[in-house]
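A.B. asks: Chains as they are written, first to last, in the working numbering: chain V, 467 to 576; chain C, 893 to 1008.
Accuracy of the hints is not assured; some may be wrong.
As the list claims (entries may be wrong) - Just some of the chain C residues that point at chain V, by a computed CB distance under 10 Å:
| # | residue |
| --- | --- |
| 1 | THR899 |
| 2 | THR905 |
| 3 | TYR927 |
| 4 | GLN929 |
| 5 | GLU936 |
| 6 | TYR942 |
| 7 | ASN943 |
| 8 | GLU948 |
| 9 | PHE957 |
| 10 | SER979 |
| 11 | MET981 |
| 12 | PHE983 |
| 13 | ALA985 |
| 14 | GLY1002 |
| 15 | ARG1004 |
| 16 | THR1006 |
Everything labelled a hint here was simulated from the structure, so no lab data went into it.
Heads up, the beta-carbon is just placed ideally off N, CA and C, and yes, glycines get one too.
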Amino acid sequence: RKEVEQDPGPFNVPEGATVAFNCTYSNSASQSFFWYRQDCRKEPKLLMSVYSSGNEDGRFTAQLNRASQYISLLIRDSKLSDSATYLCVVSGAGSYQLTFGKGTKLSVIP
Amino acid sequence: EPEVTQTPSHQVTQMGQEVILRCVPISNHLYFYWYRQILGQKVEFLVSFYNNEISEKSEIFDDQFSVERPDGSNFTLKIRSTKLEDSAMYFCASSEARGDAMSPLHFGNGTRLTVT
Chain V
467 RKEVEQDPGP FNVPEGATVA FNCTYSNSAS QSFFWYRQDC RKEPKLLMSV
517 YSSGNEDGRF TAQLNRASQY ISLLIRDSKL SDSATYLCVV SGAGSYQLTF
567 GKGTKLSVIP
Chain C
893 EPEVTQTPSH QVTQMGQEVI LRCVPISNHL YFYWYRQILG QKVEFLVSFY
943 NNEISEKSEI FDDQFSVERP DGSNFTLKIR STKLEDSAMY FCASSEARGD
993 AMSPLHFGNG TRLTVT
């Protein structure tokens, strides 16, 4: 069964903190990996794609470990606006279907 | 920035009624999708559509569901006879190519379907 597992949180952190989210996936044939963010009752919005070599976009860093089937997201210098649910998303080999994790809720506190 | 638009934002219907959810994907995108999210649960794949036909569908997408691209811009999801458990947020998405790291999905703002 294809699954994506995430720590549901919530993570409550002060502004300026560094926070890390982890995700594991069960389908070893998965080829594409993403982090999306979702605000309450809104649509998922792409935060970043995750590449094998790891990648960084400003305060956000994503890592992929294919051997362990593990993905991570690091947020540095947290802002109030980072408060959201972070969704780990994986696509299968030759599949159009994205499999979503249930998400990790982040609350950044003043 | 181009975006996926969905109408209506909220649809209330009675059990057994037919509903049509509408979406306008981003204009140069070729792949279209419907996902749903039951309140408090994860986002789930329903169906993907390419070149005027379904390319993949999930177990959720049974005979009560159908999709159509009636013209060059709209992409619709029809539920023939709604059930209480169809109550969810339905998200349309589109991508330039098969959704992968080079061509991620862009989601619309969703239609909240409430079946009473």
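A.B. asks: Determine for every hint whether it applies to the structure shown.
C.D. replies: Okay, the hints, checked on the actual structure:
{"no.": "1", "hint": "THR899", "verdict": "violated, 14 Å"}
{"no.": "2", "hint": "THR905", "verdict": "violated, 19 Å"}
{"no.": "3", "hint": "TYR927", "verdict": "holds, 8 Å"}
{"no.": "4", "hint": "GLN929", "verdict": "holds, 9 Å"}
{"no.": "5", "hint": "GLU936", "verdict": "holds, 7 Å"}
{"no.": "6", "hint": "TYR942", "verdict": "holds, 8 Å"}
{"no.": "7", "hint": "ASN943", "verdict": "violated, 12 Å"}
{"no.": "8", "hint": "GLU948", "verdict": "holds, 4 Å"}
{"no.": "9", "hint": "PHE957", "verdict": "violated, 15 Å"}
{"no.": "10", "hint": "SER979", "verdict": "violated, 14 Å"}
{"no.": "11", "hint": "MET981", "verdict": "holds, 7 Å"}
{"no.": "12", "hint": "PHE983", "verdict": "holds, 6 Å"}
{"no.": "13", "hint": "ALA985", "verdict": "holds, 8 Å"}
{"no.": "14", "hint": "GLY1002", "verdict": "holds, 5 Å"}
{"no.": "15", "hint": "ARG1004", "verdict": "holds, 8 Å"}
{"no.": "16", "hint": "THR1006", "verdict": "violated, 13 Å"}
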